[in-house]
Amino acid sequence: MVMRVVRVMRVARIFKLARYSSGLKSFGITVKTSLPELSMLTLFLLTTVIFFSTLMYFAERDEPNTKFKSIPHAGWWCIVTMTTVGYGDYYPETLFGKLIASCASISGVL
1 MVMRVVRVMR VARIFKLARY SSGLKSFGIT VKTSLPELSM LTLFLLTTVI
51 FFSTLMYFAE RDEPNTKFKS IPHAGWWCIV TMTTVGYGDY YPETLFGKLI
101 ASCASISGVL
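In terms of full-length UniProt numbering, the sequence shown opens at residue 1 and continues consecutively.
I should point out that these hints are in silico values taken from the structure, not numbers from a laboratory. Check before you lean on any hint, since a few could be wrong.
Taking CB as the label site, the calculated pair distances span [stated by the list, open to error]:
{"no.": "1", "residue 1": "Ile79", "residue 2": "Val31", "range": "41 to 47 Å"}
{"no.": "2", "residue 1": "Asp62", "residue 2": "Val85", "range": "23 to 29 Å"}
{"no.": "3", "residue 1": "Glu63", "residue 2": "Thr30", "range": "44 to 50 Å"}
{"no.": "4", "residue 1": "Ile106", "residue 2": "Lys69", "range": "23 to 29 Å"}
{"no.": "5", "residue 1": "Lys98", "residue 2": "Met40", "range": "27 to 33 Å"}
{"no.": "6", "residue 1": "Lys25", "residue 2": "Asn65", "range": "51 to 57 Å"}
{"no.": "7", "residue 1": "Phe51", "residue 2": "Glu93", "range": "16 to 22 Å"}
All C-beta atoms, glycine included, are put in the ideal place defined by N, C-alpha and C.
The task is simple: from the sequences and hints, build the whole structure.
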């Protein structure tokens with residue numbers, strides 16, 4: 001527990017140093033002014049992940065030996081697919097699931 005407090009204090013010191021760095025000041029101002037747009041982007045991505053995760057779960061749930069045992073499992077697949085990481089630990093087996101996967105990957109790239 002004490003080590004966690006020490007680690008947090010180290011991070012706090014970095015934020016103190018940001019006052020003296022013009023680059024970090026500029027970054028902070030940019031993030032602050034872009035907050036409405038970043039919030040909208042986060043909301044859009046979260047909605048898209050929930051949408052495709054739900055579709056994938058219902059498309060694949062009746063398949064024997066499916067990896068999509070719940071919507072959160074499908075959510076993990078959706079995040080990995082939309083970010084184009086593609087671990088390969090979850091993959092659709094039905095035709096409708098593959099169609100959903102294609103749409104999810106395209107929307108992640110866009």
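Verification of the supplied hints:
no., hint, in the structure
1, Ile79 with Val31: 41 to 47 Å, "violated, 22 Å"
2, Asp62 with Val85: 23 to 29 Å, "holds, 27 Å"
3, Glu63 with Thr30: 44 to 50 Å, "holds, 46 Å"
4, Ile106 with Lys69: 23 to 29 Å, "holds, 25 Å"
5, Lys98 with Met40: 27 to 33 Å, "holds, 30 Å"
6, Lys25 with Asn65: 51 to 57 Å, "holds, 54 Å"
7, Phe51 with Glu93: 16 to 22 Å, "holds, 20 Å"
Checked against the numbered hints above, the structure violates only hint 1.
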